[in-house]
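A.B. asks: Chain B: place on chain A using the hints.
The listed protein sequences correspond, in order, to chains A and B. Take the first sequence: its position 238, counting from 1, is numbered 237 in numbering that gives the first Met the number 0, and each next residue is one higher. Take the second sequence: its position 53, counting from 1, is numbered 52 in numbering that gives the first Met the number 0, and each next residue is one higher.
Since the hints were made in silico from the structure, they are not lab data. Every value quoted in this text rests on a predicted model; they were computed, and no experiment measured them. Please note: incorrect hints may appear among the correct ones.
[What the hints assert, rightly or not] Output of the computed footprint for chain A on chain B, the stretches with three or more beta carbons under 8 Å from beta carbons of chain A:
hint, stretch
1, 59–70
2, 83–90
[As the list claims (entries may be wrong)] Covered by chain B, per the in silico footprint, the following chain A stretches (three or more residues, Cβ under 8 Å):
hint, stretch
3, 146–153
4, 156–165
5, 206–214
[To be verified] Here are the computed lysine to aspartate or glutamate pairs in the EDC-like style, where the Cα-Cα straight-line distance is at most 20 Å:
hint, chain 1, residue 1, chain 2, residue 2
6, B, K53, A, E155
7, A, K257, B, E127
8, A, K80, A, E154
9, B, K53, B, D11
10, B, K53, B, D5
11, B, K53, B, E14
12, B, K53, A, E154
13, A, K261, B, E127
14, A, K80, B, D11
15, B, K53, A, E77
For each residue, glycine too, the CB sits at the ideal point set by N, CA and C.
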Amino acid sequence: MLQPDFMRQAFAVSFFIAVLCPCVGIFLVLRRYSMIGDTLSHASLAGVSVALTLGGVPIIGAFTVTAGCGALIEFMRERIKNAELVLTVVLALSVGVAVTLMSRGTMTRSAESFLFGSVLTITRADMFMTLGLCAAAILSLILFYDRLVFISYDEEAARIAGVRVRAYNYLFMILVAAAVSVSIRVVGVLVLSSMIALPVAAALQLGRGFRTTLLASVAFSLFDILGGLTASYYLDVAPGGFTAIVSVAVLFAVIAVKAVMKHARTRKISSVH
Amino acid sequence: MITAHDLWFSYDGGEPYVLRGVELHIPRGEYVSVVGDNGSGKSTLMRLALGLLKPARGTIECAADVTGYVPQRRAEQNAAFPLTVAEMLRSYARLRHIDKSRRSADTEASRVLELVGLSDKRGALVGELSGGQSQKMLIARALIGSPELLVFDEPSTGIDRASAEEIYALMRRLNRDDGVTIVSVEHNLAAAMANSTHIYHLSGGHGHICTPEQYAREFLGDSDVTA
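Okay, chain A solo, but in the shape it has when bound:
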């Protein structure tokens, strides 16, 4: 399976995004912003369409437009106190741009592989760009870990401690943009938000502290994405779709195991009494 060059590159890229997605996803889920992932993945499609129309590099186009849309969401969120409405506006703008450019037929190649995810189109340059963006994003997360945790937990307390909350909210949007733009190549726009939210949802079932939940999210994400990629190779299906199925299956499995363990504990306690 690892013989073809494209599969080795696909595994390398998948490994990086499997680490990065839950690292930003945990903050999105805890701030109840899971749908931002969906909105920004559509923004990244607009970015890819712009890049392919202008003859540029798709990942750079995706990152630029996604970061811009992330900043726009943050800017509007401060003014319109309805986060859902803000996401709808940015989603409409992104889909509008993407569909308009695609329908003109002037793009240098099809954007379909970004919609569903494809390992065949990953180049060596994509791999290095993904590695660079992932490394920068993960380094930022490590450096600003406490600030991001506290802004998510209690924005007011963070402000009193002297954290420049607004600046970090913008920085966080750029991190989300990086995660989204490097991930669409493998998992595709349509299921990307599930890659960001589902491993975190599974880890949250464990009921542990932040660090453990984050590490468990990364472990679930690695299992989902690398497992999904392997299975998609043998089944000859798009990796994004199958990875989403694996993620949902893992989440249900964790919920089921948790329920069984709880039931067993309750029975043990009642038998003691």
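C.D. replies: Below, chain B without anything else, positioned relative to chain A:
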């Protein structure tokens, strides 16, 4: 410790103003309870003092180098957040640059937990704590960095009477033994009368400071106040 001069504030930038030319001076070492009807601007005044809001007109200054804030506890707030008490306090200690003063974040977390009597809960998730424990945890967080000023917003809201008593005892101890200035937005008039050195009464956008005895004579007709 807190000084306000001709302080005006409105949430919409115009009428209606919540605060209309408030004058306030809270000296160092005092325990002041801020009382008034719902919507009279008590919490707003504290948020202005903490720099969380900006005045429409006038000034408000806080002279403390380190200020601790204990917000109004909401039972549903962040109940599902996967954060242990120790993780939260260590994180906050690092945000307040405790390391720079050579007191490690972990040591500081242990110190404040011991102060509020919550050492046995350091490994618990923040959402698993009872109302009283949760309030003590917020006080522990506010105590990080040894603040000179502690601002409370309704410290006994939503917690049982015994826990409220423990919390007021802790507030009194911090004020009397450690010299911490305490400003507390209060809906519990009995607690305000029993614990404070001064009462700041807000009404109609204006404030008035007096001793508990003066307050009893002026606003309560000297009647007994019970919780």
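A.B. asks: Checking one constraint from the list: CA of K80(A) to CA of E154(A), max 20 Å. Satisfied?
C.D. replies: Distance ~15 Å between K80(A) and E154(A) Cα, so the pair holds.
A.B. asks: CA of K53(B) to CA of E77(A), is that 20 Å or under?
C.D. replies: Distance ~16 Å between K53(B) and E77(A) Cα, so the pair holds.
A.B. asks: For the stretch 83–90 of chain B, does the count of residues with a C-beta closer than 8 Å to a C-beta of chain A reach 3?
C.D. replies: holds (count 4)
A.B. asks: At least three residues with a C-beta closer than 8 Å to a C-beta of chain B: is that true for the stretch 146–153 of chain A?
C.D. replies: Coverage by chain B holds for the stretch 146–153 of chain A (6 residues, Cβ < 8 Å).
A.B. asks: Does E155(A) lie within 20 Å of K53(B) when you go C-alpha to C-alpha?
C.D. replies: holds (14 Å)
A.B. asks: Within the stretch 59–70 of chain B, is the number of residues with a Cβ closer than 8 Å to a Cβ of chain A three or more?
C.D. replies: holds (count 3)
A.B. asks: Would the pair K261(A) and E127(B) pass a check requiring their Cα atoms to be no farther apart than 20 Å?
C.D. replies: holds (17 Å)
A.B. asks: Against the 20 Å threshold, does the CA-CA distance of K53(B) and E154(A) hold or violate the hint?
C.D. replies: holds (17 Å)
A.B. asks: For the pair supplied as a hint, K257(A) and E127(B), is the alpha-carbon distance within the 20 Å limit?
C.D. replies: holds (18 Å)
A.B. asks: Hint check: K53(B) vs D11(B), CA-CA at most 20 Å. Holds or violated?
C.D. replies: Holds, at about 12 Å.
A.B. asks: State whether the coverage of the stretch 156–165 of chain A by chain B holds or is violated, taking the criterion as 3 or more residues with Cβ-Cβ distances under 8 Å.
C.D. replies: With 7 residues in contact (Cβ-Cβ under 8 Å with chain B), the coverage given for the stretch 156–165 of chain A holds.
A.B. asks: Does D5(B) sit within 20 Å of K53(B), going by the straight-line distance between their CA atoms?
C.D. replies: Holds - the C-alpha atoms of D5(B) and K53(B) are around 13 Å apart, at most 20 Å.
Comparing the model with each earlier hint shows no violations; every hint is respected.
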